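Colleague: Using the hints, put the two chains back together into the complex; each one sits in its own frame.
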Amino acid sequence: MIIFILSLVLAIIWAAITGSATLHNLIFGFVLSTLSLWVVREQMSARGYWRRLGRILSLLLLFFKELALSAWKVAVLVVSPRMDLKPGIFAFPLTVDRDFEITLLANLITLTPGTLSVDVSEDRKILFVHAIDCSDTDATVRDIAGGFERKIMEAFR
Amino acid sequence: MIGTLVAILTALIVLVGAGFVLVAAIGINRLPDLYTRMHAASKAGTVGSGLMLLAVGLHAGDLATFARAIAGFFFFVLTAPVSAHLLAMAAHKVGYNLSELSVRDEMNEYRE
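As you go down the protein sequences, you meet chains Z and P in turn. Okay, so the first sequence: first residue is 1 according to the numbering used here, each after it adds one. Okay, so the second sequence: first residue is 158 according to the numbering used here, each after it adds one.
For reference, chain P alone in the conformation it holds in the complex (with noise of 0.2 Å):
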């Protein structure tokens, strides 16, 4: 009984997670520029990638699988943000414009 529930809920996770690494992909295929297409790549995919290591981790069901699961869960918190600012940083240093929907840059007339 509760390994079923068990199991219904990691596919849950599973599904939900598979569900965000989906729509970060969409998003950077859509969205008009790199700076927009970061916040779909760090966002959407931590969290997607989060639930399946979670899922993962509730699956294997003892605490070695999923302290390692999380603790995966924790190094993508940590590095995801670096390397979308890394990335949006390097395209802004070398003058890559945002997109001509935007509405503002203030780190242009900071930089004149």
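One chain only, chain Z, in its complex shape (with noise of 0.2 Å):
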């Protein structure tokens, strides 16, 4: 049922980026997103997905709060007449483990306030993150864990 709401959703979608709602698109639309959900149907797993869609929705949410408030940073930084940098590469221990949630942490850190991931470690335990302003990594470090890091947990697991 999920999956048959989910490829509605992507068929419309499908006929709102070709730019024609036409019946053929739609049914078109339709084919090509069971299909792509084909695809994917071992990674699908419809247990708790509406919880689970708050939680990303709350992610979502999160991020674009995060987003706003580093290009004002970055924006305030850089036309402020006297630059005052402090930057540095810390080290911050992974508590995801999974690839995906691990490069979806990597890229949140990286559109977040002053922060830019750099390198994860060959044991997947530590991602290097270069941030602007290194004059207290503990804080940075707590706040990464204790807001995405947590989120992405509860989103996904």
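Hints should not be assumed to be uniformly reliable.
[Claimed, not checked] Quick list of simulated restraints, FRET-style, between CB atoms:
hint	chain 1	residue 1	chain 2	residue 2	range
1	P	Leu179	Z	Met153	35 to 41 Å
2	P	Phe232	Z	Arg157	41 to 47 Å
3	P	Thr236	Z	Ile13	15 to 21 Å
4	Z	Leu57	P	Gly252	38 to 44 Å
[What the hints assert, rightly or not] Facing chain Z, according to a computed beta carbon distance under 8 Å, are these residues of chain P, among others:
hint	residue
5	Phe177
6	Val178
7	Pro189
8	Thr193
9	Arg194
10	Ala197
11	Pro238
The hints are simulated quantities; they were obtained by calculation from the structure and are not laboratory data. Quick caveat: nothing in here was measured; it's all calculated off a predicted structure. Each residue gets a CB set at the ideal place from its N, CA and C atoms; glycine is no exception.
Modeller: Shown next as structure tokens:
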């Protein structure tokens, strides 16, 4: 049932993006989305879907807030006449261990205030993060672990 | 009336977006090393282009164009961090040092 609704939603998105909402195009979009959902059927678990959707949305909301804040901070920093920089790379111990969770976390970190993920250690336990203000790394690590990392765990586990 | 309001709103969004892109460009020029420059390029750049795409979608006033503009913004959000991350990682791998303002580099300690 969830799969059916999902492919219907994807079909509507398809119609919107291709720019014609004719019946033919909707049916074509429906076939396409059913096919692509079939390709990822192993990864789809319908269990706890709606609860999870709410948490994903809350993660998205937090992300947009942080993105706006971060662009504003960079803007203020760049146009201030004397730039006060204490840049550096610090190590962030990862709790999430699956590939896509690490990828998501790294992407989110890059788009939040003053931080940019650089590399993951080979054993996938440490994420190296470049920060524009490295004066208090412990607080930054706490912020990320209690914010994005916790939300990712809630949304995808 | 509504048309004028939408026009003013889109004009404002375009101006703010262009402002962020300008700031990103100034940042790339002023910041001391590649790593700090990537901050300006990935954040202010993404928000600036995103706002301008949003304005295009609003201005067109039909759902198809709006959906495509939003899709463009999402692809921007997905790809900009990846390129910033790859550039920073490549620079660190070939031994491009952080600027002398930097206070720490735990990645170097880990490698040694």
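Colleague: Hints first: check each against the structure and report whether it holds.
Modeller: Hint-by-hint comparison with the structure:
no.	hint	in the structure
1	P:Leu179 to Z:Met153: 35 to 41 Å	38 Å, holds
2	P:Phe232 to Z:Arg157: 41 to 47 Å	27 Å, violated
3	P:Thr236 to Z:Ile13: 15 to 21 Å	19 Å, holds
4	Z:Leu57 to P:Gly252: 38 to 44 Å	43 Å, holds
5	Phe177	6 Å, holds
6	Val178	10 Å, violated
7	Pro189	7 Å, holds
8	Thr193	5 Å, holds
9	Arg194	10 Å, violated
10	Ala197	6 Å, holds
11	Pro238	4 Å, holds
Violated hints, listed in ascending order, are 2, 6 and 9; each of the other numbered hints is respected by the structure.
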